[in-house]
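**Q** Chains as they are written, first to last, in this note's numbering: chain A, 195 to 452; chain B, 8 to 265.
Each hint should be verified, as a subset may be incorrect.
Claimed, not checked - Straight-line C-alpha distance at most 30 Å; calculated DSSO-like pairs for lysine-lysine:
hint: 1; chain 1: A; residue 1: K291; chain 2: A; residue 2: K211
hint: 2; chain 1: A; residue 1: K211; chain 2: B; residue 2: K264
hint: 3; chain 1: A; residue 1: K211; chain 2: B; residue 2: K262
hint: 4; chain 1: A; residue 1: K207; chain 2: A; residue 2: K291
hint: 5; chain 1: B; residue 1: K264; chain 2: A; residue 2: K207
Said to hold, decoys possible - Footprint (simulated), chain A over chain B, 3 or more residues, beta carbon under 8 Å:
hint: 6; region: 37–45
hint: 7; region: 177–184
It is worth saying that the hints were derived from the structure and are not from the lab.
Ideal Cβ positions, reconstructed from N, Cα and C, are used throughout, including at glycine.
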Amino acid sequence: MRSVIRLIWFDLKHELKPPVWITLQWFTFTIQLFIYGALISQLVTATEIGNYQQFYAVGFLVMMTFDIGSHAGRDFVEDAHEGRLPYLLSLPISRSKLFLATALKGGFELALMLTVPFAITLSLIGNLTVVSVAAAVATLFCLGFGIAGLMLGLSFIAFKSSDLYAAITTGLSAIIIRFSTVLYPLASLARASPGYASVARFSPLTYGADLVRLFLGFDPSILLNPVYAVAVLTALAVSTLGLSMFLLQRLVEGVKSG
Amino acid sequence: MTELSSILQLTRNDFSYFFRTKWLMAILLSLHLSDMLVVALVYGKLMSFNYFQFFVPAIIVMGLFVAALDTGRRIWLAIREGVIQYYLSLPISIYGIVAAYLLAGGLAAVVYSTSLLLVALVVLPAQAVWNTLILLPFLFVLAMGLAGIAASLAAFASTHGEYYFAYQQIVQTILLVFSTVYYPIAVISNYFPPFLTNIVSANPLSLAAEAMRQYTFAGNSVQPLFLINILLASLPFAIIGATAYLIALHTIQVKGKL
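I would like the entire structure built from these sequences, with the hints used as guidance.
**A** Next comes the structure, spelled out in structure tokens:
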């Protein structure tokens, strides 16, 4: 376990000394919530949402989770291209431990970057219980691990073509966020176009955002069935992380990336 | 070879580099087209006014802005990877290099935003498309000004590794959020104190978005004073950016590094 902790700290210390990226995430969240969110909420007149600023705050947390989770894949590709991955694979450490270190590092990053935004969101919404807050945190972590697993799985495309990988993941990211309930409820997507709502049902962010909102006390009538949400998020996290672990086991030392 | 032809060759080289970066094209197109065809449409269903009509012209300006900002990334890469040393060895003055980068940045941004305009014209009827031709030179100067902001960021961040992207995100967030790209000035004046509302009104992105809404899509006659305002708001950024980049190039020329 010491080797896993050492690997995690080796990567994390670059982000903590100085914590530029973490502070930047907090800054972006604060500006987006108190300027963009506040001003847009003055324009939103749909009564079913209630306070749009609160709705947006949860949506932005989910977007941040997605962004941080997807970094895991990008880091993996960079490691491969910069020669760090072959070095890591040659270390006297098992593949499963290497995978555990990558996953835990992602978890720590997520915790660090979400602490302040999550606290601000909770204070904005107010009137919460310990159980509901814990359930919301668990949902965000489950979503984060699922997205990280998905991106790690996709990162194996990068061994064929890094350009193709970057184009697929970045294009996919924008579409996954827009076609989801991160920024608006499913009913609004359906009113804009029934096709949009159908696509949104395939986005993991839809289930993550709606489940977090349910735990934080939003009106359940505008949210998806939580049973489906729990099932989808669990299946996503388990399957993508399992797939990534399988692929890492098969990766041979000295692999060349294109 | 004359200085002018060298500038034009370098401009062409940098201009084509922007469009050859596949992952960047994937990011920009997926972001702006999904903003136009999904976000604007769905937000419109949540509001009591025609947000689609309001936001689509602004997305063209967002495209112009983001494409112009990419000039900074290219300058930053050129400094970091030593390409700038090669440029300095060419028979072209440092003034020529600066001019080429700003021209390429402005041109790439205008071409990219024109592609968004063509899509916008399909989804939103424009009352006076020909007014866009009058706007184009002013949008080009604006794009050069925005490229100037990016150039000064790149010159400033070139000694701080990856921090360039942090600076870029801060500037991008602030300039977009404190503008009328996302919300009308009436909403902003209800929320901000008068001095901040004035700053938002003078933001070149607000001016360009308003020009696009009023002159291209609403079909109002073009007001020369408004166009002069765009010039006055953009030129300082272009001059500051050009000076910062010029100083950086001069330092590299004299000391060999920044």
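**Q** Now, for every hint given, state plainly whether the structure supports it.
**A** Evaluated hints:
A hinted pair counts as satisfied when its Cα atoms are at most 30 Å apart, and K291 of chain A with K211 of chain A qualifies at roughly 25 Å. A C-alpha spacing of about 25 Å is found between K211 of chain A and K264 of chain B, which places the hinted pair at or below 30 Å, so the restraint holds. For the proposed pair K211 of chain A and K262 of chain B, the alpha carbon gap of about 29 Å is at most 30 Å, so the pair holds. The hinted pair formed by K207 of chain A and K291 of chain A meets the criterion: a straight-line CA distance of about 19 Å does not exceed 30 Å.
At roughly 28 Å between alpha-carbon atoms, K264 of chain B and K207 of chain A fall within 30 Å of each other, so this suggested pair holds. Residues of the region 37–45 of chain B lying with their CB closer than 8 Å to a CB of chain A number 5, which satisfies the three-residue condition for coverage. A count of 4 residues in the region 177–184 of chain B with a Cβ less than 8 Å from any Cβ of chain A is obtained; the coverage claim is therefore met, three being the minimum.
Violated hints are absent here; each numbered hint is respected by the structure.
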